[in-house]
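First residue of the sequence shown: 72, per the working numbering; consecutive thereafter.
Bear in mind the hints are in silico, worked out from the structure with no lab data behind them. Treat each hint with caution, since some may be false.
Said to hold, decoys possible - Okay, the calculated beta carbon distance ranges per label pair:
1. S74 <-> S136: 24 to 30 Å
2. E125 <-> R97: 16 to 22 Å
3. Q91 <-> T140: 26 to 32 Å
4. E96 <-> C116: 14 to 20 Å
5. A75 <-> E96: 15 to 21 Å
Beta carbons are placed, not taken as given, at the ideal position from N, Cα and C, and that holds for glycine.
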Amino acid sequence: MTSALVQSFGIGVRQLREAQGWSQERLAENSNLNRSYIGEIERGCAIASLVTVEKLASALKLTPSALVTRGEAISQMNLVRGIKLMAIAC
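Kindly produce the complete structure, drawing on both the sequences and the hints.
Listed below in structure tokens is the structure:
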């Protein structure tokens, strides 16, 4: 089971890739990574190393910290949504 941060990081990568209008193949070419590995990251099935984060950030024209921060923000939003849903259910 992967952590919420790993899954959120992948969602962030996918959102940024799609905002560029890129396919996974295009991001893979621009970051010098394998397309299937990009898919695994986006699905939260693979934990990106620091080197991979740097390659993805460079391809997406971001700093590595901005890319990771996006994943953290998505993770926090999901946590808040979960708390709100639990409050509504009570």
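Quick rundown of the hints versus the structure:
A hinted range of 24 to 30 Å is violated for the C-beta pair S74 and S136, which are about 18 Å apart. Restraint check, E125 to R97: a C-beta distance of roughly 18 Å satisfies the suggested window 16 to 22 Å. With their beta carbons about 18 Å apart, Q91 and T140 fall outside the hinted range of 26 to 32 Å. Taken as a hint, the range 14 to 20 Å holds for the pair E96 and C116, whose Cβ atoms sit roughly 18 Å apart.
Distance hint check: the CB atoms of A75 and E96 are about 28 Å apart, inconsistent with the given range 15 to 21 Å.
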